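Number of protein chains: 2
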Amino acid sequence: MSHQSALTAYIAAFVAELVHTGIKDVVVSPGSRSTPMAMVMAEHPGLNLHVHVDERSAAFFALGIAKSSGRPAVLLCTSGTAAANYFPAIVEARYSRVPLLVLTADRPHELRDVGAPQAIDQIDLYGKHVKWFTEMALPEESADMLRYARMVCGRAAAVALQAPAGPVHLNFPFREPLIPDLENERLFELAERAEGFVSVTQGQRSLDQEGLKRIAAELGMYEKGIIVCGQMDNIAFSEKVEQLAEALGYPVLADPLSQLRSGSNSGKWIVDAYDSFLRFEDVKQQLKPEVVIRFGAMPVSKALTVFLKENRGARQFVVDGGGGWLDPHALSTEMVYCDEALFCEGLLSFIKKKQTANFAGKWLRLNSIAKEAMDAGMDREEMNESLIYRELPELLPEGSSLFVGNSMPIRDLDSFFWLNDKKINVMANRGANGIDGVVSTALGASLYGGQMYLVLGDLTFFHDLNGLLPAKLYNLDMTVIVINNNGGGIFSFLPQAGQARNFERLFGTPLDLDFSHVVNMYGGNFTRVHDWTSYRDAILSANNTPGLKVIEVVTDRAENAADHRRLWAAVSREIARLGAGEE
Amino acid sequence: MSHQSALTAYIAAFVAELVHTGIKDVVVSPGSRSTPMAMVMAEHPGLNLHVHVDERSAAFFALGIAKSSGRPAVLLCTSGTAAANYFPAIVEARYSRVPLLVLTADRPHELRDVGAPQAIDQIDLYGKHVKWFTEMALPEESADMLRYARMVCGRAAAVALQAPAGPVHLNFPFREPLIPDLENERLFELAERAEGFVSVTQGQRSLDQEGLKRIAAELGMYEKGIIVCGQMDNIAFSEKVEQLAEALGYPVLADPLSQLRSGSNSGKWIVDAYDSFLRFEDVKQQLKPEVVIRFGAMPVSKALTVFLKENRGARQFVVDGGGGWLDPHALSTEMVYCDEALFCEGLLSFIKKKQTANFAGKWLRLNSIAKEAMDAGMDREEMNESLIYRELPELLPEGSSLFVGNSMPIRDLDSFFWLNDKKINVMANRGANGIDGVVSTALGASLYGGQMYLVLGDLTFFHDLNGLLPAKLYNLDMTVIVINNNGGGIFSFLPQAGQARNFERLFGTPLDLDFSHVVNMYGGNFTRVHDWTSYRDAILSANNTPGLKVIEVVTDRAENAADHRRLWAAVSREIARLGAGEE
Numbered sequence: 000m001s002h003q004s005a006l007t008a009y010i011a012a013f014v015a016e017l018v019h020t021g022i023k024d025v026v027v028s029p030g031s032r033s034t035p036m037a038m039v040m041a042e043h044p045g046l047n048l049h050v051h052v053d054e055r056s057a058a059f060f061a062l063g064i065a066k067s068s069g070r071p072a073v074l075l076c077t078s079g080t081a082a083a084n085y086f087p088a089i090v091e092a093r094y095s096r097v098p099l100l101v102l103t104a105d106r107p108h109e110l111r112d113v114g115a116p117q118a119i120d121q122i123d124l125y126g127k128h129v130k131w132f133t134e135m136a137l138p139e140e141s142a143d144m145l146r147y148a149r150m151v152c153g154r155a156a157a158v159a160l161q162a163p164a165g166p167v168h169l170n171f172p173f174r175e176p177l178i179p180d181l182e183n184e185r186l187f188e189l190a191e192r193a194e195g196f197v198s199v200t201q202g203q204r205s206l207d208q209e210g211l212k213r214i215a216a217e218l219g220m221y222e223k224g225i226i227v228c229g230q231m232d233n234i235a236f237s238e239k240v241e242q243l244a245e246a247l248g249y250p251v252l253a254d255p256l257s258q259l260r261s262g263s264n265s266g267k268w269i270v271d272a273y274d275s276f277l278r279f280e281d282v283k284q285q286l287k288p289e290v291v292i293r294f295g296a297m298p299v300s301k302a303l304t305v306f307l308k309e310n311r312g313a314r315q316f317v318v319d320g321g322g323g324w325l326d327p328h329a330l331s332t333e334m335v336y337c338d339e340a341l342f343c344e345g346l347l348s349f350i351k352k353k354q355t356a357n358f359a360g361k362w363l364r365l366n367s368i369a370k371e372a373m374d375a376g377m378d379r380e381e382m383n384e385s386l387i388y389r390e391l392p393e394l395l396p397e398g399s400s401l402f403v404g405n406s407m408p409i410r411d412l413d414s415f416f417w418l419n420d421k422k423i424n425v426m427a428n429r430g431a432n433g434i435d436g437v438v439s440t441a442l443g444a445s446l447y448g449g450q451m452y453l454v455l456g457d458l459t460f461f462h463d464l465n466g467l468l469p470a471k472l473y474n475l476d477m478t479v480i481v482i483n484n485n486g487g488g489i490f491s492f493l494p495q496a497g498q499a500r501n502f503e504r505l506f507g508t509p510l511d512l513d514f515s516h517v518v519n520m521y522g523g524n525f526t527r528v529h530d531w532t533s534y535r536d537a538i539l540s541a542n543n544t545p546g547l548k549v550i551e552v553v554t555d556r557a558e559n560a561a562d563h564r565r566l567w568a569a570v571s572r573e574i575a576r577l578g579a580g581e582e
Numbered sequence: 000m001s002h003q004s005a006l007t008a009y010i011a012a013f014v015a016e017l018v019h020t021g022i023k024d025v026v027v028s029p030g031s032r033s034t035p036m037a038m039v040m041a042e043h044p045g046l047n048l049h050v051h052v053d054e055r056s057a058a059f060f061a062l063g064i065a066k067s068s069g070r071p072a073v074l075l076c077t078s079g080t081a082a083a084n085y086f087p088a089i090v091e092a093r094y095s096r097v098p099l100l101v102l103t104a105d106r107p108h109e110l111r112d113v114g115a116p117q118a119i120d121q122i123d124l125y126g127k128h129v130k131w132f133t134e135m136a137l138p139e140e141s142a143d144m145l146r147y148a149r150m151v152c153g154r155a156a157a158v159a160l161q162a163p164a165g166p167v168h169l170n171f172p173f174r175e176p177l178i179p180d181l182e183n184e185r186l187f188e189l190a191e192r193a194e195g196f197v198s199v200t201q202g203q204r205s206l207d208q209e210g211l212k213r214i215a216a217e218l219g220m221y222e223k224g225i226i227v228c229g230q231m232d233n234i235a236f237s238e239k240v241e242q243l244a245e246a247l248g249y250p251v252l253a254d255p256l257s258q259l260r261s262g263s264n265s266g267k268w269i270v271d272a273y274d275s276f277l278r279f280e281d282v283k284q285q286l287k288p289e290v291v292i293r294f295g296a297m298p299v300s301k302a303l304t305v306f307l308k309e310n311r312g313a314r315q316f317v318v319d320g321g322g323g324w325l326d327p328h329a330l331s332t333e334m335v336y337c338d339e340a341l342f343c344e345g346l347l348s349f350i351k352k353k354q355t356a357n358f359a360g361k362w363l364r365l366n367s368i369a370k371e372a373m374d375a376g377m378d379r380e381e382m383n384e385s386l387i388y389r390e391l392p393e394l395l396p397e398g399s400s401l402f403v404g405n406s407m408p409i410r411d412l413d414s415f416f417w418l419n420d421k422k423i424n425v426m427a428n429r430g431a432n433g434i435d436g437v438v439s440t441a442l443g444a445s446l447y448g449g450q451m452y453l454v455l456g457d458l459t460f461f462h463d464l465n466g467l468l469p470a471k472l473y474n475l476d477m478t479v480i481v482i483n484n485n486g487g488g489i490f491s492f493l494p495q496a497g498q499a500r501n502f503e504r505l506f507g508t509p510l511d512l513d514f515s516h517v518v519n520m521y522g523g524n525f526t527r528v529h530d531w532t533s534y535r536d537a538i539l540s541a542n543n544t545p546g547l548k549v550i551e552v553v554t555d556r557a558e559n560a561a562d563h564r565r566l567w568a569a570v571s572r573e574i575a576r577l578g579a580g581e582e
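Residue numbers (numbering that gives the first Met the number 0), protein chains in the order written: chain A, 0 to 582; chain B, 0 to 582.
If we strip away everything but chain A, and leave its shape as in the complex, we get:
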């Protein structure tokens, strides 16, 4: 039982079980201490290995893979700060409920905390931001320890997937020499069980008939109800929630990440322009709900948040299959821990008769007026940020994925990306809403998400330029639309915009970067556009060109803020003109 033989057998058992759990993708960052795990993984025909030098980007790349595939993605790095670079993506995975399996190689116990190179304290390295941490035993090849390696692997993947999904961290101490024996042809064979060591079947939270009946009866008491849907990755949910809306006669306020604004459903009950008309007092007076049913994360719209806070007298059901507490403003009167699709489906059989839908009609009418007013008011001459989002459903191919950056893009998407019948999967990193790692997450998501379109601002693009490398190394396809307003656009909408002193220095932060250089370095196709014709041409051309395409749209932060205010004013005028805000 040599060192090498134990090292090889133990790691091979772990890797074989990894594949048995259904995991397919591993993102590896090169390093010395992780050598045995990387070399064994590279031998397994069932794993796709993606090598990425920058661990921060690597972790977001894995996050993207997991987001679009629904499977845990695996990360592997060496000891030291390499592992610390994973932290931002791990935090994002935790809050956005994305399954990750983080494997860090470590020095063995005798080389810890004694000044050995590249040795840092990796026990509980990510603190409360992983769902489970375990320090693995040193490699051994007794049958017990091979079972242990397989068992921990199966369990770790299951914990990562269990609702709410999230990251799990396993720390592997390895002693030198680090080279495994790859000559064994039966490397991944399992002595005891032919198929794999253990499989895990995950049940979902669901209410019993009594609970559903009670809630249905309570909802039956209210005509003035609204359904609010934030970010949601529950595939079965979209259809079910529209059926529930139909049964209750409630409008569905659909955040752009609810997956309810695009696709094949009827869209009959969808309200998608609330962010514009919930800014006006007289309108809000007419729309006061008696009951709110909320699914998913809090929607991005600040106007909607304010509206909900103004209506805290309403009953509010917050339905969460992940069992969390997604209620930043203490608005919920009832937390319901139940898979969202099962909740909708279960209620349907208990809802007696369709409510009158006058209240929903009011919402839907205002929604139409608002969209028509904004559409008519949009500048189709000068390049502007609002029209970019308005036109995405027309320009993007069926079945594509749209990833948006945080800060302004997600808000503009909310304001101007309206109901359409394209099948477009809309994604963003909304766990912690960072501007970091967005390029990498989108690129990772592109592996399983159809043609990928990423819309982001220049600061967000800058933050993760390193994320472009895999596009070059692995010839990945992605179209990036960089809205370059030379700095932080969102601050022009915040109170400090009034404080001229130090504003540009602290918040505007213009970078004055010509991104064509770096896009060329990564072998991408760079196009800078200043007008609509060139923009449309660039997108249509990108649709049919493989590889990395970056389209830079040059805009102006101050003009953009003014443009938004002009559109909201148009909505206000049109509502006033049509008397739609009156009872």
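Don't read these hints as lab results, they were simulated from the structure. Careful, some of the hints might be misleading.
It does not matter which identical chain is used: a pair holds within one copy or between any two.
Pairs of lysine to aspartate or glutamate, EDC-like flavour, derived with a Cα cap of 20 Å [as the list claims (entries may be wrong)]: (1) K130 x D120; (2) K308 x D326; (3) K223 x E309; (4) K301 x E175; (5) K471 x E503; (6) K283 x E573; (7) K287 x E333; (8) K308 x E109; (9) K301 x E280.
Just so you know, these numbers come straight off a predicted model, no measurement behind them.
Following the hints, position chain B against chain A.
Same frame as chain A, now just chain B:
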């Protein structure tokens, strides 16, 4: 007592005390929640604000400032993953003992763990990797709470500086609205104490006379002693340790980061080529020490480490003013917790008479032979990595700083950067030896470290390309020498180099990047050199050109490994020829 007035007074008290502690530099990353702190800091004439969009690079930039200035540098960011991006630099600061004061803005308690945007659990965010964490109280303006803000500030700076220095983390909950009142002309005035709230005087660990006498007596028993100096930032130490060597007649094995290879000391006792001749069995037999006195971190040389492990019968004193346990191979027989300079100075008065220095003579003679053999063997026709380091003392200006990347550059520096009388401050990130953040650390260090020269490999350069941004935005001066061997050079020296299968994919990782693009984007001057004349011209021209200059030296990984082996063989031959390895 309005919200704004309390917010302003509380933060101003903190910021005023920050300046009172002697802190001068703050690295700010733009964000919303940190608005009040950033705006108040920008008002203080005593603070230099450096704005950096990428928090990972920002934190390493601050690390560099602290390393070269000896003062704690302050970091400020908003809530969420922004703070997580600081983690790699914080870990490095912890292990390399660099004082940092990390300020993170946070949502107030009522917005935590309830799905509010950009809210993550920031309590103990960096776990065991900071020396002190405290959650600050919400802003209040009672006299007690202003005293509290000042007291925590003074204490935090003192904890960061206290040996071993390191990072401290304060988390600030701020409620909206976030705009402070900057119209108060007496913003930073202190009601109670004119000068500042509290100052901290730090004593150093020192031995009493009895302890020194005992150790001196023990050392007096051994003729065959060596002094080993690893990385050391104790300015007073260099002179004192050479005096101690003179008194004891022991050679000083000086790591390149010991600050003993450059500068104004005699250098009489310095051995700087041990990494070459401690590879040969017959040589090592002649150099066996009876006693070892070790200062600072473990030296980078693997040959020296092996030699010390082979001589674990020797008594080994490990002297550490930081009170750590820097002994990865359990070689110490005595840990001595005493400031290193005070230790040397204190011993001097108790050392009776100079030992015979035959043993030291042997070390010094072998050292000369080795350097002459390598020098004669160096290829001065073809570009190669060894000669780059050999020539640095000649090419760099007096008073400059040399920062080297981890992996190969630090090892090559060890092998080929020899004793010289230029005053060159040699730096590296040797806490956790990561390849991350090196560009930013060097650029930060350039603010207080004289003309900055950074030597690093292509993977390390790639990892922190974002770190180049401040060079453009603030017109900073730095010369970067990128040794581009298209991938991870160090792996060619490790056992996996023999395993052809998957080697390039997992370890070689060629990036095939033309860095001229990205250097142009950051407004730098890019020169690619293939021969010695152009290389020397490029360095000499860079010496007299302000701004960012990047000199790319194109080398080959396999040829480099062969070149190293050739030089070691030359050393071996020359030692054999001169019979220097014999008794």
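- Numbers of the earlier hints that this structure fails to satisfy, in rising order: none
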